[in-house]
Amino acid sequence: MSASTVGLRTSRPAYALFVLPFVVLYMLMLLWPLAKGVWISFHDHDLLSDDSFWVGLANYRELWDDEVFRQVVWNTIRFVGISTPIFVILSLMLALALNRPGRLATFLRATFFCASVFSVTLITLVWKLALMPERGLVAQAFGALGLPELPLLTSDSLALTTIALVTVWWIIGLPMILFLSALQQIPVDIYEAAALDNTPRWRVFTHITLPSLKRAIVLVALIEVIRQFQVFPQIMLMTNGGPNNTTRSIVQFTYEQAFMQLSLGYATAASQILLAIMLVGVSAQLWLERDRQGGAR
Amino acid sequence: MNPLLRRGALDRFVLVALTLLALTWMAPLLWVVALSFKPNEFLLRHTDVFLSPPYTLANYADILQTSAVFRWLGNSAAVALMQTVGVLVLSSLAGYGFARCEFPGRKWLFALVMFGLAVPAQSVFIPLHRLFSEWNLQNTLAGLALPGLAAPFGVYLMTQYFKAIPAELEEAAILDNASRFKTFLRVILPLTLPAQATLGIFTFLGSWNDYLWPLVIATQPDMYTLTRGLASTQTNFAQSEGLGFLMAQAVFAGVPALMLYLFFQRHLVTAVAGTGKS
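Here the protein sequences line up with chains A and B, keeping their order.
The end of the first sequence is residue 297 by our numbering, with every number in the run present.
The end of the second sequence is residue 575 by our numbering, with every number in the run present.
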C-alpha cells in the first residue's frame with residue numbers, strides 16, 4: 001500500500017504534459033485577451049485610424065459621467081431585479097408541484113424545460129412573431145379576452161419587463177431542475193415522521209421543505225443574477241436597446257462601442273466594469289458550492 | 298383518512314392547473330409550427346386559424362431553394378463538433394493531470410485555471426476579436442471554434458470527476474509498470490464516460506446556441522452559424538419574405554436542438570442537476 005501510494009504521488013515535470021495543451025490555449029485565448037483588454041482600457045484606441053495613445057483612467061472617468069452608460073447600468077440592474085425573483089419563485093413553485101413520479105409529471109417537466117435547448121435567435125424570432133401588433137398571438141389572446149392591446153415592446157415602461165418575461169420563459173428549466181434535485185436530497189424519513197404526527201401540510205412546507213431548500217434558493221438566485229447580468233442578444237434582437245435606451249444592457253453597450261463606434265478603449269473599459277461585477281458574483285457562487293460539497297461529504 | 302382525501306383532491310387540482318399552464322407555455326411554439334404550414338398571402342389576413350385549410354409546404358420548399366440555412370446548418374455542425382471533441386480531449390487530459398498527477402507548480406496552475414471560471418466570454422470578446430483578426434482567423438471555421446476550447450468549465454468538471462475515482466485501480470496498473478499515459482487511456486478514461494456525455498452535451502448545445510462570438514468573428518453571410526444567420530433574417534422584420542417563411546425557418550432551426558434534447562433527455566436532466574455523483 002505505501003509503495004503504491006508513493007508511485008501515484010511521485011512528482012515528475014513530465015506529468016505537466018497532461019495539462020499543457022489546455023493551459024497553453026487557456027493562456028492564449030483567455031488570460032492574454034483579458035490582460036490585453038485591461039491594457040487597451042487605459043488607451044484612447046480608435047479602430048478607424050488604428051492609432052492608440054495612453055490616457056490613463058480617462059476612459060473610466062468618462063464612463064462615470066456618461067449619461068448613456070449610467071442608463072445602461074441601471075437597465076441591466078433593473079433587468080436582473082425583474083427577472084431573478086420571477087426565476088426563483090416560479091421555478092421553485094414548478095419544482096414543488098412537479099416533484100412526483102408519473103408520466104404526466106415527466107411530460108410537464110420536459111415541457112417547461114425544453115425551450116432552454118433552443119438558441120436565443122429562435123426564441124426571439126418566435127416571440128417577435130407572437131408579439132406582433134394585431135396579428136401576433138399575444139395581441140389576439142388579449143383581444144379574445146376583451147383586453148386592450150398593450151405596446152409590450154414599444155413602450156418605455158413595458159419593454160424591459162417583456163424581455164425579462166421572455167427570458168424567464170426561455171430558460172426557466174435550469175433553476176427548476178436545480179430545485180428538483182435539491183428536493184430529492186431531502187431525507188424521506190423527516191417527511192414520514194411529520195406524517196405520523198399528522199403535521200398539517202403547510203407546516204411541513206414551512207418547517208421542513210423550505211429550510212432544507214435555503215441553500216438551493218440562494219444558489220439559484222446567485223446563478224440567475226450572474227447569468228442575467230450578461231444579458232444581450234435577446235435585447236439586441238427584440239428592441240435593439242430602445243425605446244429611448246430603456247432596454248440597452250452593459251454587454252450591448254460594449255459591443256456597440258467597439259464594433260459600431262469603433263472606440264476600443266472606451267468599450268474595453270466598460271467590459272472591465274462588467275468583469276469586476278462578475279468576479280464578485282462568481283466568487284460568491286463558488287464559495288457557496290464548495291460549502292455545499294463540503295457539507296455533503 | 299380525511300387529510301389524505303383532501304391531499305388527493307388538491308394534488309389533482311394542481312396537476313390540472315399545471316397542465317393548463319404548460320399548454321399556455323407552449324402556445325407560442327405551437328402557433329409558429331402551425332402557421333408555418335400556411336401560405337404567406339393567407340397570413341397577411343389571418344393568423345388565428347390553425348387547424349383548417351389552406352395548408353402548404355411552400356414555406357419549407359422556399360427554405361430549400363432560396364435561403365442559406367443549409368450552409369449555416371453545416372457551419373454550426375462543424376463548429377459544434379470541433380468544439381465538443383476538442384473540449385472533451387483537452388478537459389480529460391487536463392482534468393486527469395490536475396486530479397491525479399504531481400508536478401511542480403500544479404496547485405498554482407490549477408488556481409490560475411479556476412480563476413477563469415469567473416471570467417465571462419462577454420468581458421474578453423473585444424480583445425479576443427483583435428487577436429483573431431491579427432491571426433487572420435476572421436470568417437474561418439477555426440476562428441469560430443477555437444475560443445470555446447479555452448473555457449475552463451470542462452477542466453473543473455473533469456478534475457472533480459477524476460478525483461472521485463478510487464485510486465486503487467490506478468495503483469494496480471502502475472505496479473504493473475504501465476506508463477502513466479497508458480493507465481489514463483486504458484484504465485481511468487473508460488470510467489469517465491458519464492461525465493464525458495454530460496460535458497459533451499453541454500458543450501455541443503452551448504456552441505450551437507452561441508450568439509455573441511459568431512456575431513463578431515463571422516462577418517460574411519456564408520460563414521454564419523445557424524444561430525447567427527437566423528438573427529440576420531430578423532432585422533428587417535416587416536419587409537421580409539413573409540411570415541410563413543420566417544416561421545418555417547424557426548421550425549427548421551429548432552429541429553436539430555430538439556432532436557438532440559429528446560435523444561439525450563434523461564441524461565441532460567441529470568447533468569443539469571449537477572449530480573457529480575457516479
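Errors might be hidden in some of the hints.
Stated by the list, open to error - Here are the computed distance ranges between Cβ atoms for each label pair: (1) A:Ala-141 <-> B:Trp-432: 44 to 54 Å; (2) A:Asp-51 <-> B:His-564: 46 to 56 Å; (3) B:Arg-342 <-> A:Ala-221: 22 to 32 Å.
Unchecked claim - Incomplete in silico selection of chain A near chain B, CB under 10 Å: (4) Ala-35; (5) Ser-49; (6) Phe-53; (7) Trp-54; (8) Thr-111; (9) Leu-122; (10) Val-225.
No lab work stands behind these hints, which were simulated from the structure alone.
Yeah, the Cβ is synthetic: ideal placement off N, Cα and C, and Gly gets one too.
Out of the numbered hints, which ones does the structure contradict? 3, 5, 6, 7 and 10
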